[in-house]
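Asker: In case you want the letters, here they are:
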Amino acid sequence: MIGLVGRVTGRIGAGLVGEVMVSVPERPGSEAFLAYRAVPGEPLEPGSMVVVVDYQPPRTVYVEPF
Amino acid sequence: MLIGIAGGVVAGIVLLVLLFKLMWRVAEPNEALVISGSKHGEGLGFRIITGRGTLVVPGVQVVRRLSLDLNEAALDVECVTSQGIPVHVKGVVIFKVGDDPSSIANAARRFLDQQKMMGQRVHNVFAGHLRSIVGGLTVEDMIRDRERLTGETRSASGIEMEKLGLIIDSLQIQEILDPTGYITNLAAPHAAAVQRDARIAAAEADRRATEAEQEAFARKAEATRNSGIQQAGYQAEMDTAAARALQAGPLAQAAARQEVVVQETKVAELEAHRKEQQLQADVRKPADARAYETRTKAEADRDARISAAEALSRETDLKTAAEANRVKVAAAAEAEATRARGLAAAEATRATGEAQAAAEAAKGLAEAEAARAKGLAEAEATRAQGLAEAEGIKARAAALAENQEAVVAQQLAENWPAIVRAGADAFGNVEHMVLLNGAEGMSEMFAKALTMGGTGLGLARQLLTSMNTGAPAEAPAEPAPATQVIPVQADSGN
Numbered sequence: 001m002i003g004l005v006g007r008v009t010g011r012i013g014a015g016l017v018g019e020v021m022v023s024v025p026e027r028p029g030s031e032a033f034l035a036y037r038a039v040p041g042e043p044l045e046p047g048s049m050v051v052v053v054d055y056q057p058p059r060t061v062y063v064e065p066f
Numbered sequence: 001m002l003i004g005i006a007g008g009v010v011a012g013i014v015l016l017v018l019l020f021k022l023m024w025r026v027a028e029p030n031e032a033l034v035i036s037g038s039k040h041g042e043g044l045g046f047r048i049i050t051g052r053g054t055l056v057v058p059g060v061q062v063v064r065r066l067s068l069d070l071n072e073a074a075l076d077v078e079c080v081t082s083q084g085i086p087v088h089v090k091g092v093v094i095f096k097v098g099d100d101p102s103s104i105a106n107a108a109r110r111f112l113d114q115q116k117m118m119g120q121r122v123h124n125v126f127a128g129h130l131r132s133i134v135g136g137l138t139v140e141d142m143i144r145d146r147e148r149l150t151g152e153t154r155s156a157s158g159i160e161m162e163k164l165g166l167i168i169d170s171l172q173i174q175e176i177l178d179p180t181g182y183i184t185n186l187a188a189p190h191a192a193a194v195q196r197d198a199r200i201a202a203a204e205a206d207r208r209a210t211e212a213e214q215e216a217f218a219r220k221a222e223a224t225r226n227s228g229i230q231q232a233g234y235q236a237e238m239d240t241a242a243a244r245a246l247q248a249g250p251l252a253q254a255a256a257r258q259e260v261v262v263q264e265t266k267v268a269e270l271e272a273h274r275k276e277q278q279l280q281a282d283v284r285k286p287a288d289a290r291a292y293e294t295r296t297k298a299e300a301d302r303d304a305r306i307s308a309a310e311a312l313s314r315e316t317d318l319k320t321a322a323e324a325n326r327v328k329v330a331a332a333a334e335a336e337a338t339r340a341r342g343l344a345a346a347e348a349t350r351a352t353g354e355a356q357a358a359a360e361a362a363k364g365l366a367e368a369e370a371a372r373a374k375g376l377a378e379a380e381a382t383r384a385q386g387l388a389e390a391e392g393i394k395a396r397a398a399a400l401a402e403n404q405e406a407v408v409a410q411q412l413a414e415n416w417p418a419i420v421r422a423g424a425d426a427f428g429n430v431e432h433m434v435l436l437n438g439a440e441g442m443s444e445m446f447a448k449a450l451t452m453g454g455t456g457l458g459l460a461r462q463l464l465t466s467m468n469t470g471a472p473a474e475a476p477a478e479p480a481p482a483t484q485v486i487p488v489q490a491d492s493g494n
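Chains A and B supply the protein sequences, listed in that same order.
So for the first sequence, this note's numbering puts the first residue at 1; every next one is plus one.
So for the second sequence, this note's numbering puts the first residue at 1; every next one is plus one.
Next up, chain B with everything else stripped away, as it sits in the complex (with noise of 0.2 angstroms):
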């Protein structure tokens, strides 16, 4: 009994779950449950469950599925282009029912029993659409404007589609094919010119490289020639630097030859120098010395004659000046002689007078007996006579008018010596004098040179001319002879 009736709820169990699962359909991601049977209130007459489950009433309600997945159809179309071409148009139109319930339900409407069916449809809708697009085409926009082409499809189906439900994914114009050959002619003349740049490309590049080549060759060519002409210059130089080398040994003996003969050379002339300057020292310098002595004997000869000469000529002169002399001595002596005794007998005279004088006034007895000696010394008597005589003035304090000129004849009296001495001096650097004209020659020279030497002589004579105006007339031609004896021999004594 309870076995019975576990068994009945079990049954029960399964009975319900097996219900439920009759009942219960679910909508897969791709497909749309489509359930009619019932009333619906959208007017459409069957209910869109898309995405999820949903319970139905067996034997009430049918549940249909419609594919939401994608359809492809393909397209293969002859058609004719606006120029009357026949061309073969292959594509593929990629579709699926929309995702609205509006489409869902145009779509379950048209399609739901002949979803094998879709790309049936679907193609001859497109190929109505292509032939009548390609009729308004010409190939050339075909192939150069394919999405032209596309886009005028669809939009030209897009309504019907619209219609069914569908929409378009894809729509794809694969190939159009040419049976007449028209699209490969049309490409012909193209290809041609393709061909025809591609040979003149080919052709230019080969003249290029065939240039470029004899160029090479001809750089080539220049560089063996240019490396050919430097190698030849090179072996040239090579030769001459050979030649030259074997050259260079006769080169350094001669040179060396050459610096022997320089040296010899020198040696000659070195050799000829000294030879001159021993002959100059053997020949010419004992012909000058004998020249020289010859020369010099010559000179000396001469000078000893002249010499000679002169010693004769000073020893004659020499001669002459003692012979004077001797004479002058024997003068002077003898003026000597006279002067002391006229010097002796004017001091008697003066004795005389000054006795006379203090006996009676002055006398000129006196006077005459002092006139009446002897040259010089009645000079010397009268200038102690005047000199008495004026002593016997200032005595007597008679002033006369002229004391003075009696003093300067004093004064000139005593001086004497020194006047003649300088008037002497002109003859006193003279060592050697030769008088032509003799003795007489001789005083007048001394008379010359007593009157150079001093000038106031002169005066000295004229004051005794005048002083000796009141004594006798031969008085004045005595004292002359005595003044020219002294200086004579005062240079003598010089």
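One chain only, chain A, in its complex shape (with noise of 0.2 angstroms):
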């Protein structure tokens, strides 16, 4: 999962949870994940780009942008 790069469809507010969606190579087409920031700074706006750089299982990443 670390290292993929994914696309925001949430907004990931300071401290809050947003939503990326990610496509992971074991599996056939892309799935949610509830998304954190990784280092908090500004707000993430849906559409922008990220790269996971940790991942809670089952669904949970930590993100930073692209």
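Among the clues, some could well be false.
To be verified - Rough simulated footprint, nothing fancy, chain B against chain A, three-plus residues with beta-carbon under 8 angstroms:
(1) 4–16
(2) 29–39
(3) 54–63
Stated by the list, open to error - To give an idea of the chain A side of the interface with chain B (calculated C-beta under 10 angstroms), a few residues:
(4) E19
(5) V24
(6) E26
Read the hints as simulated data drawn from the structure, not as lab findings.
Glycine included, each C-beta is placed from N, C-alpha and C at the ideal position.
Dock the two chains into a complex; use the hints.
Answerer: Written out as structure tokens, the structure is:
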């Protein structure tokens, strides 16, 4: 999971959970994950590209702007 | 026997197939097989198969199917906002079991026997979260910022859904019902404002339309007025033209009449002119001719009288001249005769003198003889004597100082007639001459003319005088009449 690139579909606010869509190579299709910012900063608006820097199974990722 | 063996084989095969059928299980794409009953290395206690087949030992293992299909939970929640206003939120949550094994395991543990109840569970979870979230919001926020509502709902319920092994595909707040009419009232001012603006706009539009209409009417009226004015103008022009056309006949008649009158006037003028001309020819010209005749006659009479007088005068003159001429001729004849006699005498004297000179020295007797001859003959004689003397002197070769003067005197005597003629030229162009003091004046006139005519005459006289100093005193008196006679003769000859 780590290192995959995804796209924000729900706003990731400061300290709030958002949603990103990530395509996982082992599984067909793309899936929605709950996303937090790995380093607190500006909110990420929907549509911006992110990279997964951490993965908390089953459905939580920490992302940074790509 | 054989049939029994064959039947047994077939039965065996059929049995095997049926056995395989009983043991082989295949997972559909939208489901996961949860096989329990055998040991498993993952620590879960069961095996999860997705998308493929697997062998299951009947009676030992149990196969359950967990649907991975989409599920839907309708939300219908009574909430109270932060303002204490009760609202009725309706929405829908679309969710499914997660595709990863941990999600499937979580879901299998929780819902395997309650898959029908899954929607109810999810509804309950979301209803609690929605209430708490709506309680922190105002109606205005809910209405204006639904994204925030959904976002907060998702983030609040996300962790719990993760525990349940579910993922939310979609969360929609469909409607917010307002039993107290708050939203309606909330919209009322705006609606009123909108209505007001609409009415204002309508009124404005109506006003403008009315203005435009009225302006159009005014323009129409103006155009109508202008048209009327123009029409009236054109009508007036037409009337004028018609009147002018009506008057054209009389006008043309008058013009023609005027032309006729002009022509008649010209004719009358010409007639008058002709009459005047005729009068001139008939009356004035004859009168003038008569006057002219009279005048000419008078002038002719006068001229005739003058001519007669002149002729008379001329006749008198001529008579006088003839008389004078006659006298002159007589005198000339006389003189000629005298001269001839003188010449003869002189010849004789000269012959005598020469004879005497040859005989003896120059003798005064010859001179005395010559002096006794008549007037001019004496002069000639004197000259001849002088000449003879000069010749005598020459002959004697007695050169004298007076030799020059004697030559001059000789030449003068020879050119005498020419000198006198030159003097008489002054009278050459005189046609008529009237002398008021008669014959005496005549001679005086001639003397004057002679005096004017030859300047050398005086000199000649002096010379002659000086030469004749030795001659008798009466001698100079006689040559003068001779000189007077000769020019007159020459003049009359001219």
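Asker: Return the numbers of the hints above that this structure violates; sort them in rising order.
Answerer: Nothing - there is no hint that the structure violates, so all of them hold.
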